[in-house]
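A.B. asks: Just so we're aligned, residue 1 is where the sequence shown starts under our numbering, counting upward by one.
FYI, nobody ran anything at the bench for these hints, they're computed from the structure.
For clarity, every value in this text was computed on a predicted model and none was experimentally measured.
Just so you know, even glycine gets a beta-carbon here, dropped at the ideal spot from N, CA and C.
Careful, some of the hints might be misleading.
As a list, the in silico PhoX-like pairs of lysine-lysine whose alpha-carbon atoms are at most 25 angstroms apart [said to hold, decoys possible]:
1) K67 - K83
2) K191 - K249
3) K67 - K16
4) K83 - K105
5) K76 - K105
6) K29 - K105
7) K83 - K18
8) K42 - K16
9) K46 - K76
10) K46 - K83
11) K126 - K46
12) K230 - K105
13) K106 - K83
14) K67 - K191
15) K29 - K16
16) K76 - K18
17) K29 - K67
18) K191 - K42
19) K76 - K106
20) K105 - K16
21) K29 - K126
22) K46 - K67
23) K29 - K76
Quick list of simulated restraints, FRET-style, between CB atoms [said to hold, decoys possible]:
24) Q239 - N125: 49 to 55 angstroms
25) P277 - S50: 21 to 27 angstroms
26) F270 - G43: 49 to 55 angstroms
27) C271 - D175: 42 to 48 angstroms
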Amino acid sequence: MAVQGRKGELYKESAKKKDVRTTNIESAKAVADAVRTSLGPKGMDKMVSSPNGDIIITNDGATILQKMTVTQPAAKMLVELSKSQDVVAGDGTTSVVVICGALLKKCQDLLARGVHPTTISDSFNKAAHKACAVSPGASEYTCQDVACHLAVPLSPLDLLLLQILESVAIPVNLDDRESLLRAATTSLSSKVVSQYSSLLSPMAVDSVLQVMDPARPNMLDLRDIRVISKPGGTVDDSQLVDGLVFDQKAAKAAGGPTRVEAARIALIQFCASPPKPDLENNVVVSDYAQMDR
């Protein structure tokens with residue numbers, strides 16, 4: 001016995017799948033379009049306002065996407081893609097999102113022509129493997145070697161990009177401060193503080209060199225460098241402090257010391273204040289003389 005209306009139900013299910021697929025692609029493309037205009041040396045800065053009122057001006061893709069409120073699952077994947085790129089390479093967070101958006105646009109064109117989604121997915125995988133196969137020296141690297149260095153798994157396409165970058169890279173001597181300054185100045189040239197690159201570049205280079213272990217330069221922990229923002233003044237008032245900075249407004253207001261050279265620091269593993277009982281007690285006095293009792 002044939003089931004009435006079965007054909008119509010199948011058509012509705014197929015149409016629903018197309019709608020969901022189209023929604024996912026459009027949402028991901030919207031995220032890519034949001035950071036597209038901030039790409040490149042002539043990219044525009046974005047003013048991002050957070051819910052708590054903080055305003056940030058930046059053209060860094062990872063920062064922009066991190067401050068955005070994204071709820072759509074496919075769009076969230078592009079945000080996570082930008083975060084992964086930031087962890088692996090520390091740069092290219094905008095480029096990877098823009099490229100992904102362009103690939104999704106091409107996928108949408110192929111779907112409109114009737115190409116099956118599985119065929120498109122298999123074609124992307126074949127293209128990645130083909131790119132690795134034709135690249136020179138592809139056999140010199142393995143996923144295990146690079147992943148062990150970066151502590152993250154790498155795909156064949158990631159290895160290809162790594163090989164291309166290493167082929168055009170210029171070795172840098174960490175003792176050559178001038179080369180490091182030029183690299184830092186180039187990085188700051190596309191930022192909103194580009195006009196202050198002559199001031200900020202030496203500060204950035206010197207701060208890294210001070211916390212870096214020459215025996216293990218690859219084990220640099222940027223958390224050892226703290227950037228403290230203070231209201232008032234201009235960028236010209238910025239300075240590099242070789243030491244520790246404590247934000248104690250009360251000590252400065254009371255006329256206390258604001259700078260201590262060769263300070264002796266005590267590390268205490270217990271509470272310095274008197275212990276408080278578990279029970280909360282209140283004492284009521286009728287005159288000041290009872291305070292001495």
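A.B. asks: Would you mind marking each hint as holding or not holding in the structure?
C.D. replies: The hints, checked one at a time:
1. K67 - K83: 12 angstroms, holds
2. K191 - K249: Distance of about 31 angstroms is beyond 25 angstroms: violated.
3. K67 - K16: 32 angstroms, violated
4. K83 - K105: 22 angstroms, holds
5. K76 - K105: 17 angstroms, holds
6. K29 - K105: 7 angstroms, holds
7. K83 - K18: Answer violated: K83 to K18 is near 29 angstroms, above 25 angstroms.
8. K42 - K16: 41 angstroms, violated
9. K46 - K76: Status holds; Cα separation ~20 angstroms.
10. K46 - K83: 18 angstroms, holds
11. K126 - K46: Violated, at about 37 angstroms.
12. K230 - K105: This hinted pair is violated, its Cα atoms lying about 44 angstroms apart.
13. K106 - K83: Given pair K106, K83 holds - Cα atoms ~24 angstroms apart, limit 25 angstroms.
14. K67 - K191: 18 angstroms, holds
15. K29 - K16: 20 angstroms, holds
16. K76 - K18: Holds, at about 20 angstroms.
17. K29 - K67: The hint holds at about 18 angstroms.
18. K191 - K42: Distance of about 10 angstroms is within 25 angstroms: holds.
19. K76 - K106: 20 angstroms, holds
20. K105 - K16: 20 angstroms, holds
21. K29 - K126: 23 angstroms, holds
22. K46 - K67: 11 angstroms, holds
23. K29 - K76: 11 angstroms, holds
24. Q239 - N125: 49 to 55 angstroms: 52 angstroms, holds
25. P277 - S50: 21 to 27 angstroms: Between P277 and S50, where Cβ atoms are some 41 angstroms apart, the hint is violated.
26. F270 - G43: 49 to 55 angstroms: 53 angstroms, holds
27. C271 - D175: 42 to 48 angstroms: About 46 angstroms separates the Cβ atoms of C271 and D175, which means 42 to 48 angstroms holds.
Taken one by one, the earlier hints fail for this structure at numbers 2, 3, 7, 8, 11, 12, 25, listed in ascending order.
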